[in-house]
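Participant: Residue numbering for the sequence shown is 1034 to 1200, as defined by our numbering.
One thing to keep in mind: the hints can contain errors.
To be verified - Pairwise CB distance ranges (calculated):
no.: 1; residue 1: D1175; residue 2: S1196; range: 49 to 55 Å
no.: 2; residue 1: R1063; residue 2: D1175; range: 43 to 49 Å
no.: 3; residue 1: D1080; residue 2: Q1159; range: 21 to 27 Å
no.: 4; residue 1: S1197; residue 2: L1177; range: 42 to 48 Å
no.: 5; residue 1: V1137; residue 2: R1110; range: 18 to 24 Å
no.: 6; residue 1: T1162; residue 2: E1142; range: 33 to 39 Å
no.: 7; residue 1: I1119; residue 2: T1160; range: 19 to 25 Å
Treat the hints as calculated values from the structure; they're not laboratory data. Just so it is clear, CB atoms sit at the ideal spot from N, CA and C, and this is done for glycine as well.
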Amino acid sequence: MTTPATASRPIDADALVSLERKAAYEIPTRNQEVIADGAVVFKNSSDTAIRIKQVEPVLGSGGNGLEVVGTKIAPLRNASDERVGIRRQFPPSRSVADRWQDAVGAMIEPESAASAYELIIGFSVQTGTHRITAIRIEFEADGLVFHTDLSHDLTLCRMATPSSTAC
1034 MTTPATASRP IDADALVSLE RKAAYEIPTR NQEVIADGAV VFKNSSDTAI
1084 RIKQVEPVLG SGGNGLEVVG TKIAPLRNAS DERVGIRRQF PPSRSVADRW
1134 QDAVGAMIEP ESAASAYELI IGFSVQTGTH RITAIRIEFE ADGLVFHTDL
1184 SHDLTLCRMA TPSSTAC
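Full structure from sequences and hints, please.
Facilitator: Below, the structure is given as C-alpha cells:
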C-alpha cells in the first residue's frame, strides 16, 4: 500500500467499491447476439483519480466460448441519469451513448466528482454456459497497478430452443 502525496487516504485495491446489491441474472442468448451487461456500478472511494487498465470477467464455470466484445463506462452524476442495465444489444441504444467512453484508459475521478460509474460489458456466447462471479478491474494510481474484483452473478448461455427463458 502506498500513500499518494495529494491524497489524505491511501490508495489500495479497495479504492473501487461496488454500489449494487447482489442479484443473480441468467440470460440465454441467441446465435450471434451480444448482451450489454451494465449491472456493475461502482465508485472510486479514494481521494485520487485512477486509470482503468483492464476489465475482465472472473468465471465460476465455463470458459471457452465466451467472448468480451467491448467495455464502456459512463459516469452517473445523479439519480436521474439513465442506466443501461442488462440489454440484448451492445453497444446499447444511443439514448445513453453521449456519456460513454471506452473503459480501458478511462480516468475514474474520486467520489466527490461523480456519484458513481456504470461499467458496461459486451458479452457474446459462442458455446456453452458461463457463470461470471465477479468483474476484475485492473487500475493504476500514482504509478502503481492494483486490481479489485467486484462481486457479480451473471450466467450466460446459448439458447437450447428459440423459446428458452433460462440456462
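Participant: Can you list which hints this structure breaks, lowest number first?
Facilitator: 3
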